[in-house]
Amino acid sequence: MNEEQLYSLEQLEAMSAGDEAFINKMVEMFIHMTPEAVDRMVTSLANDDLEDVGAAAHKIKPSIDMMGITSLRQKIRDLEQWGKNRTNVDQIPDLLDDVIHTLNDVIQQLKAR
Amino acid sequence: MVYICERATQECTMSDDFKIFIVEDDVWYGEVIEYHLSLNPDVRVKKFTNGKDFLKSLDEEPNLVTLDYSLPDMSGQEVLKRIKEYNPEIPVVIISGQEDIGTAIKLLKDGAYDYIIKDDETKDRIWNVIKNIREKEELKEEISQLKSQIVQKYDFTKTIIGNSSPMKRVFNLLQKAISSNITVSITGETGTGKEVVAKAIHYNSPRAKKPFVAVNITAIPSELIESELFGHEKGSFTGAISRRIGKFEEATGGTLFLDEIGEMDINMQSKLLRVLQEKELTRVGGSGVIKLNCRILVATHRDLAEEVRKGNFREDLYYRLLGLPIALPALRERGNDILLLAKHFIDEYCKENDLPKLTLTTAAQNKMLKYPWPGNIRELKAVIELSCVMTDTDVIDDDHISFNSTGSIDTLLQAEMPLRDYTNKIVRYFLDKYNNDVVTVAKKLNIGKSTIYRMLQEDVI
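Just so you know, the sequences run in chain order Y and D. Per our numbering, the first sequence runs over residues 1 to 113. Per our numbering, the second sequence runs over residues 1001 to 1461.
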């Protein structure tokens, strides 16, 4: 597992003036909803439904930004656009793998927080 | 008396919580917005993740709806339409992940209050929207209060005073004027209250909430009147530095009151006639046609029928404007109304100046009833106010009442004085006029100088 902290709660802290209850709620929500989105992307890719891969990426984009996962900032946008427009089709599986890998690491780190 | 009285029925929403409905299928985003908005203690937030549940709760009357453009069960367009059908007053802010100008414009045209893109600044933008909406609501509330005040002010059962039979006829006609949309032509001597009547008609009619626009034809130079009434486009004539809407357009949905219509020059009359016939106008220098949607009231102190005979007023325009004619009686024809009005003005004056109540003595009343009131109600009001100032007690006596009439011979005759007093007055008038030059006055009046000297010695003039 990656040792470096992949996320940052700074934004949530700044926004809520350090409101622990709120931050915990958002973290839990992220832990809960991200695997659902990952499953959706995997299934849609298997069905060659690239538009839906893009749509799922679009949906988790705000949470990735707000959780401060900077390494995914551009990748999730690429995934969204490539899926939506069916461009760089041959690179999508690798990109998705990469994203899922990072997301899993983030969730592990968050759980261990 | 049936008059339409608008009351402020609007509930006081400002002291209540500000209710925001968030319609957002992205739970993450919904949570963030909810949290952010709930930081304000008087904001209450309710979240919905689909269109159906939200529409079922519309009857809770939210103060603001933030609407995600792409919902799982229906499009933002559809939801917006349903909200606007339910209550067009509810502000709806569309929040979308996509920057699509075309969609944004379409939604704004369909009545969306604002269109916000989901990004880091979204929450601040929503704050601004809330601030604006609250300010707007406060203003709306204030306007509706002011409007109801105006309506009360022009409740003509209170502003138009009189029990005399000519006034009863006027009240009867006013009822008809209020309940229809007909053009009304108001005639009457100066000071009989033509504008008061026009306002009373407007503010008691179904158009009360829309503007009342008054134009005094004599107050506008004849070369400018066309652009004043119909508006003009930028650059249509020297000095037209910007586009301007005319009084007809300003009065859209409301009432346009053309005062002193008898003074309109004959060229302008034909232009006005054309507009009234076509029911549409074009701005000076413009080409677009604007539909007319205002009620017309006109007033004049002239006898328009007479002006038509003399050729000063177009006959076709006369008939088009005649509509329902209301002739306001002169004050001298209104008998005891003079005293009713006098009492009204006394009370008004005392109230405005925090004075104890004043009453009129019988002598004062008789003096007023005898006077011909050439300046009508306007004059009466001025005379009464002066008498209130002149008295040192709580009664107004005949000494306190002085008429400063512009001095027509009729007024003088009305005083019913002995001939000798009239003579004295006339001599005094001429002496004042010619700087006490007895020689000149004697010549003018064809009387002897000694007569004048004698009058001066006797101190009768």
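No lab work stands behind these hints, which were simulated from the structure alone. Note that the coordinates shown come from a computational prediction; the quantities given were computed from them, not determined experimentally. Beta carbons are placed, not taken as given, at the ideal position from N, Cα and C, and that holds for glycine. There could be a bad hint or two in this list.
Said to hold, decoys possible - Quick look at which bits of chain D chain Y covers, simulated, 3 or more residues with Cβ under 8 Å:
| # | stretch |
| --- | --- |
| 1 | 1192-1198 |
| 2 | 1382-1389 |
Said to hold, decoys possible - When the alpha-carbon atoms are kept at most 25 Å apart in a straight line, the in silico DMTMM-like pairs for lysine to aspartate or glutamate are as follows:
| # | chain 1 | residue 1 | chain 2 | residue 2 |
| --- | --- | --- | --- | --- |
| 3 | Y | Lys-75 | D | Glu-1135 |
| 4 | Y | Lys-111 | D | Glu-1031 |
| 5 | D | Lys-1047 | Y | Asp-90 |
| 6 | D | Lys-1019 | D | Asp-1100 |
| 7 | D | Lys-1370 | D | Asp-1337 |
| 8 | D | Lys-1433 | D | Asp-1397 |
| 9 | Y | Lys-25 | D | Glu-1121 |
| 10 | Y | Lys-84 | D | Glu-1458 |
| 11 | Y | Lys-84 | D | Asp-1073 |
These are the hints, each one checked on the structure:
no.: 1; hint: 1192-1198; verdict: violated (count 0)
no.: 2; hint: 1382-1389; verdict: violated (count 0)
no.: 3; hint: Y/Lys-75 x D/Glu-1135; verdict: violated, 42 Å
no.: 4; hint: Y/Lys-111 x D/Glu-1031; verdict: holds, 20 Å
no.: 5; hint: D/Lys-1047 x Y/Asp-90; verdict: violated, 40 Å
no.: 6; hint: D/Lys-1019 x D/Asp-1100; verdict: violated, 29 Å
no.: 7; hint: D/Lys-1370 x D/Asp-1337; verdict: holds, 13 Å
no.: 8; hint: D/Lys-1433 x D/Asp-1397; verdict: violated, 31 Å
no.: 9; hint: Y/Lys-25 x D/Glu-1121; verdict: holds, 21 Å
no.: 10; hint: Y/Lys-84 x D/Glu-1458; verdict: violated, 113 Å
no.: 11; hint: Y/Lys-84 x D/Asp-1073; verdict: holds, 20 Å
Against the hints set out earlier in the document, violations occur for numbers 1, 2, 3, 5, 6, 8 and 10.
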